[in-house]
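Peer 1: Keeping their order, the protein sequence lines are chains A and B.
Note that our numbering has the first sequence beginning at 12, numbered continuously upward.
Note that our numbering has the second sequence beginning at 12, numbered continuously upward.
Everything labelled a hint here was simulated from the structure, so no lab data went into it.
Hints may be right or wrong, so weigh each one.
Any copy will do: because identical chains look the same in the list, a pair fits if it lies in one copy or spans two.
Stated by the list, open to error - Using 35 Å as the maximum straight-line C-alpha spacing, the simulated DSBU-like pairs for lysine-lysine come out as follows:
id	residue 1	residue 2
1	LYS115	LYS397
2	LYS385	LYS438
3	LYS438	LYS397
4	LYS214	LYS330
5	LYS209	LYS87
6	LYS221	LYS438
7	LYS26	LYS70
8	LYS209	LYS71
9	LYS114	LYS397
2 protein chains.
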Amino acid sequence: MGRAPPIMATFRTVKGFRDFFPEDCALRNYIFDTWRQVARRYGFVEYEGPLVESTDLYKKKSGDEITAQLFCFEDKGGRDISLRPEVTPSLARMATARHRDYKKPMKWFQIGPCFRYEEPQEGRSREFIQFNADILGDASQGSDAELVALAVDVMLAFGIQSEDFVIRLSNRQVWTHYLEDRKVPQEHWTAFLAIIDKIERAKPEDTAEKLGKIGLTLEDVRSFMASVDGNHPIFAALRADLEARGLWRYVRIDATIVRGLAYYTGMVFEVFDLKHGLRAVAGGGRYDKLCALISDSSVDMPSAGFAMGDVVLGILLSKTPGAQVGITDYLNTQMGVEAYVVVADEAQRAPALAAVQALRAAGVRVDFSLNAQKVGKQFQAAENLKARFALVYGAEYPQVQMKNLVSREQQLLPAEQIIHAVTEALKLPVTGPLIA
Amino acid sequence: MGRAPPIMATFRTVKGFRDFFPEDCALRNYIFDTWRQVARRYGFVEYEGPLVESTDLYKKKSGDEITAQLFCFEDKGGRDISLRPEVTPSLARMATARHRDYKKPMKWFQIGPCFRYEEPQEGRSREFIQFNADILGDASQGSDAELVALAVDVMLAFGIQSEDFVIRLSNRQVWTHYLEDRKVPQEHWTAFLAIIDKIERAKPEDTAEKLGKIGLTLEDVRSFMASVDGNHPIFAALRADLEARGLWRYVRIDATIVRGLAYYTGMVFEVFDLKHGLRAVAGGGRYDKLCALISDSSVDMPSAGFAMGDVVLGILLSKTPGAQVGITDYLNTQMGVEAYVVVADEAQRAPALAAVQALRAAGVRVDFSLNAQKVGKQFQAAENLKARFALVYGAEYPQVQMKNLVSREQQLLPAEQIIHAVTEALKLPVTGPLIA
Chain A
12 MGRAPPIMAT FRTVKGFRDF FPEDCALRNY IFDTWRQVAR RYGFVEYEGP LVESTDLYKK
72 KSGDEITAQL FCFEDKGGRD ISLRPEVTPS LARMATARHR DYKKPMKWFQ IGPCFRYEEP
132 QEGRSREFIQ FNADILGDAS QGSDAELVAL AVDVMLAFGI QSEDFVIRLS NRQVWTHYLE
192 DRKVPQEHWT AFLAIIDKIE RAKPEDTAEK LGKIGLTLED VRSFMASVDG NHPIFAALRA
252 DLEARGLWRY VRIDATIVRG LAYYTGMVFE VFDLKHGLRA VAGGGRYDKL CALISDSSVD
312 MPSAGFAMGD VVLGILLSKT PGAQVGITDY LNTQMGVEAY VVVADEAQRA PALAAVQALR
372 AAGVRVDFSL NAQKVGKQFQ AAENLKARFA LVYGAEYPQV QMKNLVSREQ QLLPAEQIIH
432 AVTEALKLPV TGPLIA
Chain B
12 MGRAPPIMAT FRTVKGFRDF FPEDCALRNY IFDTWRQVAR RYGFVEYEGP LVESTDLYKK
72 KSGDEITAQL FCFEDKGGRD ISLRPEVTPS LARMATARHR DYKKPMKWFQ IGPCFRYEEP
132 QEGRSREFIQ FNADILGDAS QGSDAELVAL AVDVMLAFGI QSEDFVIRLS NRQVWTHYLE
192 DRKVPQEHWT AFLAIIDKIE RAKPEDTAEK LGKIGLTLED VRSFMASVDG NHPIFAALRA
252 DLEARGLWRY VRIDATIVRG LAYYTGMVFE VFDLKHGLRA VAGGGRYDKL CALISDSSVD
312 MPSAGFAMGD VVLGILLSKT PGAQVGITDY LNTQMGVEAY VVVADEAQRA PALAAVQALR
372 AAGVRVDFSL NAQKVGKQFQ AAENLKARFA LVYGAEYPQV QMKNLVSREQ QLLPAEQIIH
432 AVTEALKLPV TGPLIA
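Using the sequences and the hints given, assemble the complete structure.
Peer 2: Shown next, in the form of structure tokens:
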């Protein structure tokens with residue numbers, strides 16, 4: 012180890028971007044597979060948008076916070092384009108363009124990278140992977156409930172339990188009604204929601220000052236907020252639905268949740284961990300006007316959805332003991348091989364290669380040494396790759412030694428029986444007999 | 012249909028980029044799953060690099076053709092960055108940075124998007140998805156053979172047979188030796204390889220003129236080319252290996268194959284369809300010096316690999332009847348749901364929701380109507396989603412009607428038996444009895 016010269020890192024990963032080495036990539040695939048599996052149980056179908064869109068698409072709908080964070084540039088044809096900071100605008104563009112081809116409601120999900128130029132810190136990188144689930148063409152609280160239920164079941168599927176997370180949920184109309192009651196002019200509503208969005212982090216005196224400018228007091232806002240709970244009639248249908256599913260206990264009504272994006276119109280929610288004070292794991296809500304906006308009013312599809320990123324989720328998984336079992340099980344099935352072919356005598360490389368080929372054709376994961384190696388080194392490689400069986404092609408050929416590397420049992424078999432013996436033995440428990 | 016106003020496509024996909032609607036996304040996932048499955052059978056492990064790298068990384072190694080096609084821009088921090096046009100430079104950067112952490116040879120694969128600013132046409136878009144498979148840290152022809160075998164097996168796994176494709180293979184050293192023999196100065200070698208790369212498409216008189224400038228004749232080049240076949244000693248070890256695997260018949264030695272990229276040093280190959288005259292489906296080769304170049308000579312890892320894109324492959328799949336079976340089988344398991352819960356009486360929505368939840372928790376793919384709907388419409392939705400079973404929650408509750416939508420058999424069951432009945436029935440053939 013000490014003798015190699017230090018590596019000159021001539022090239023580095025661009026700030027805020029990530030390398031996925033095999034162990035990172037396996038964890039990423041576990042996250043993808045879990046998202047995909049739960050979404051499919053819910054009857055969602057997968058789609059994907061392009062990673063690049065016209066910058067105008069985001070200027071039109073995402074709001075100022077996101078457009079300030081765009082990776083935007085001009086392509087060689089003079090187009091003003093951006094790496095996507097989120098997927099919902101692409102979804103609305105796609106869904107409105109071809110909405111006649113699909114039955115409503117459209118339950119669609121997506122998994123892929125997004126990009127935002129933010130200062131990298133814990134839980135935040137410039138490239139991250141989002142899982143998006145949306146229901147388009149349905150205005151009912153049944154959709155809202157289905158999405159909240161999906162968010163809960165995704166967390167549970169990761170082994171994150173009721174003591175580890177909560178859904179903080181509200182409805183923007185709670186505030187719309189409040190502002191109407193207080194006769195606050197509509198031009199101040201967006202600014203007001205931005206104040207509420209930051210109310211937990213901002214200094215009370217700053218919040219009070221900002222509220223004062225639009226004719227409100229912090230005291231009144233706070234006392235209204237405290238009055239909004241699960242008995243508010245706006246949540247009645249959602250609550251009945253989630254209670255029937257046994258999932259209401261994961262929900263906490265919280266009027267401070269308004270979401271930063273400009274396009275939400277109704278129910279909004281965020282998923283938070285309860286033990287580590289991390290950023291939101293997921294967030295979403297109802298955006299009934301977005302499809303009309305994107306399509307210049309030609310397609311009006313009430314819709315709702317949420318997104319979950321891989322960065323905060325990854326941190327939460329690493330901090331949650333109950334989440335480790337699923338990860339370990341997954342990695343055990345994903346890494347390594349099932350069988351390793353040992354070429355003990357180079358004169359037998361040809362039949363050994365034929366066996367490698369035949370085993371792989373039978374669907375078995377197989378590795379072997381690509382060139383002449385000592386037998387001990389080959390067995391070491393088999394162990395490193397966690398192979399269950401070693402098949403030794405050597406002096407005994409056309410007899411082949413089959414060895415169970417878990418039970419250490421071994422047996423000499425005619426070469427023509429090897430493929431069948433391995434495929435059958437792989438169906439048995441790991442310490443099972445060599446021949447069924 | 013005729014009454015809706017025409018859709019104003021306010022926003023479009025950026026030129027050369029693609030939307031993946033659900034049916035496209037399912038086909039894409041089929042391609043990903045097949046790549047992944049075959050690579051894992053070969054003992055390759057998955058990694059992924061960032062989609063964005065320093066532009067310098069490509070300037071240093073990819074050669075002029077690729078750097079002219081870069082999507083490059085300056086980020087807000089003044090960094091000169093590019094969307095990756097290929098993955099090998101990232102792989103070399105990652106592998107050299109952490110090569111001490113992995114046993115050699117490193118058999119790594121990757122699946123993800125790449126970007127090139129080229130004129131879109133059949134088989135070419137500005138964003139495409141590549142499958143990359145590389146073996147790092149092994150200089151033997153055993154690695155070359157393993158990669159060629161993997162390329163063949165990937166094609167076969169897609170249902171593309173020996174009559175549909177061929178591996179056109181050569182070795183750059185064939186030409187190195189030729190140029191040494193003819194005493195052509197090294198400064199002309201790159202230009203010479205570019206001439207050979209285009210020899211099949213260029214006009215003979217243009218090729219002859221270019222060769223003349225470096226002291227060669229087209230006649231001599233052609234007669235040398237014709238002399239290079241499977242008996243050339245440079246291919247002996249590769250041939251013996253692939254013959255032992257029964258795969259040599261997929262290989263055609265072809266000295267015109269040199270590959271455009273600057274970094275190849277030995278074996279090079281491309282995969283071509285035999286019936287439709289498409290662009291290469293895949294290509295790759297040995298690049299023994301790249302890791303040293305990327306790491307300023309601190310890590311010397313002889314390596315080889317190939318990449319296959321999804322665009323030409325997708326066209327070939329659509330034109331190959333034998334490839335359709337695998338696609339159809341895959342789509343049948345990926346789209347739709349297994350069970351549909353019919354709420355025939357809204358008074359029973361709560362137990363129906365509880366059943367939806369319990370079935371999904373048991374891993375069953377379930378859908379239902381999110382709000383009140385006529386029973387006929389709900390059954391229609393069940394059929395559209397290709398559900399095998401409908402479960403009717405109506406007047407008979409706490410008895411539930413379970414209906415096999417394939418065999419039309421139906422049975423009234425107590426609600427508490429439904430979950431077990433469905434999970435058991437799903438294990439039986441589609442027309443099987445309702446109760447095992």
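Peer 1: Could you work out which earlier hints the structure fails to respect and list their numbers in ascending sequence?
Peer 2: 6
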